[in-house]
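What follows is each chain in one-letter form.
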Amino acid sequence: MLFRGLLAALVVVAGFFLPRLLGGGGELYSAFVLIAIFAVMAYGLDLIVSDLGEVSLCHTVFFAVGAYTTALMSTGLGSGPIMTFLGASLASLCVAALIGLITLKLREFVFSLVTYALAVVAGTLAQHWSFLGGSDGLRGIPMLALSLGNFTLAAEGDEGIWLVAYVLLLLSLWIIHSFRRSTLGQAAIMVHLNPRLAIMSGIDPARTRLQVFLLSAPVTASAGWLYAYQRAYISADVLDPYFLILMLTAVVLVGKRMLLGPIIGVALILIQERFFSMGAYVDKIILGSVLIAVLVLQPNGLQGLFARYGRQSR
Amino acid sequence: MNFLQQLINGLVLGHAYALLAVGWTVLLGVARLVNFGHGQIYMLCAFTTWFIVSRLGIPYPLAIVAAVAVGAAVGAIMQKIMMGLTLKQDLVRIMIVTLGFGYVLEGAAALFFGSSAQILETPLTAHDFYIKDLWFNGQDFAIIIMAMVFFVALKLIVENTQLGRLVRMVAEDPPLAQLAGINVRRVYIGVFAFEGAAVALAAALVAPRTPILTSMGFEEVIITFVVVVLGGIGSIAGSYVAGLLLGLFSAMFGWLADPSYTMTAAFCVLIAILAIRPGGFAAKRGGN
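Here the protein sequences come in this chain order: A and B. Numbered per our numbering, the first sequence spans residues 1 to 314. Numbered per our numbering, the second sequence spans residues 1 to 288.
So here's chain A without its partners, still in its complex pose (with noise of 0.2 Å):
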């Protein structure tokens, strides 16, 4: 036990100084934050996908409602980043519990299509409503600055904060861990699998989902914070249908119910991108197809693929 909490701790230590023993430089710290981030903003969705088997398309507002919240406390109010991280984990709450009461009694396609309208009618919102900036978004977001009495630590650059997006990523790390093994975590995947047995163990499968729903929220939310803080602007952008792909796609490439499975998927596709990128479009392509070719091909992910090889080879 305590051999495997040193090495637990030896390669949480390691993972933070991967990028400096990759040889460092901005665009690498770049694309490690941006991997960290979207793997927080992908394992929301995990949640609902490989815990609960349902499928939501709305992620994509916990998001932005995320950044949101972060840009306009910070350029309005001044908040600094614990506020504004408790804020958007407030508001992106709100949000999801009026979007679960709406899709509570909904299943499968009806909640994934209901989910989906609420994400493109947030981004024709994000669009038109001043308030949240309109098509120019708000700009102006200051730098990720923790104060604690004369010590500031400030995250300037993508190498300052990523110290910040690894914190985070931990974070959501242990969060998916814990909820696995709690009573919660249990009572979901029942009421994914087994509904009736569910019921007959006097489970209350609305509950379940609504709460899982409510616990995915702030963790999506929480990446559309720092997205916010790393841009530091935000327009109607982070409603794009990319987010949601990225998330899919992450989701379902390494396989469901991992729990390094989205960090490596969102690394793969990212990777991808950034260091071996055939013009957006072509990549926009890739994804795609990516996505298709799992569902397809290999409905239990990369993992499957991988666990079949090891049995032929036996």
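Just so you know, these hints were derived from the structure itself, not from any lab. A quick note: this is a predicted structure, and the numbers were derived from the prediction, not measured. Every residue, glycine too, gets a C-beta built ideally from N, C-alpha and C. Careful, some of the hints might be misleading.
Claimed, not checked - A few chain B residues facing chain A, derived, Cβ under 10 Å:
1) F36
2) M83
3) L91
4) V92
5) Y103
6) V104
7) G107
8) E159
9) R209
10) S215
11) F225
12) M252
13) D258
14) L270
Claimed, not checked - Cβ-Cβ distance ranges computed for the label pairs, FRET-style:
15) B:K88 with A:I271: 26 to 36 Å
16) B:R186 with A:L214: 37 to 47 Å
17) A:Q127 with B:I271: 17 to 27 Å
18) A:R20 with B:I271: 44 to 54 Å
19) B:K88 with A:R20: 22 to 32 Å
Chain B: place on chain A using the hints.
Using the frame of chain A, we list chain B on its own:
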């Protein structure tokens, strides 16, 4: 802009919406399948029509035929690729896969047609008609006539022909249809090709009304959802009426309130309907 003008706008818009959605209605009612790439097929076929008319100089009626062929081909290819999921009726995966297809189509369209907005001009858009101070153009007229012809023909085919009976049988009970010697795969491919062709026809006719963009597919889908839900799943006559109602609603909302929030208002209508009849989706199968 008076009330009567808005009524005309609403009627044109309504027929456009009905035509846009009819492919989904049949797809969902007959095959119990969904296509989240619907809007992107619309976009692709709008660009195809534009390209054929303005770049190749081929007459508009031939361009419509070509766009419909492209739509049908895209639909058939999509279904062929995900046949395994269809036979298992794995709706959740089909949904994500069709979303992926939509994304691929968007990238491909931007690659071939460029990302700038285009205006599709047809011989009909130039013809303006005036009745006193009411105005509409030839394209509007064509949309209404074509939509009516299409819906009547579709209803007759589904209800009265051998083909219609075949498709309805597959919809009612796929395994039984297979036992009866029907090639279920071919019916599924046919239905998906029809969905592609129908949305292509809508694109070729309706796209001249607005600038065409590679990103527009995302929003077209909402209209389709609302029409399909409002009309009742799989009901052809229902989706005609629903399209018309939504068109009138959009025109009046745009006139009395803010046109940029029409989509939001349409979505609120969808939510309201779902609140009233949450089971509306699963209510009917087989559709006619």
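Subject >> Unmet hints by their number, sorted upward, for this structure >> reply: Hints 8, 9, 12 and 19 not satisfied by this model.
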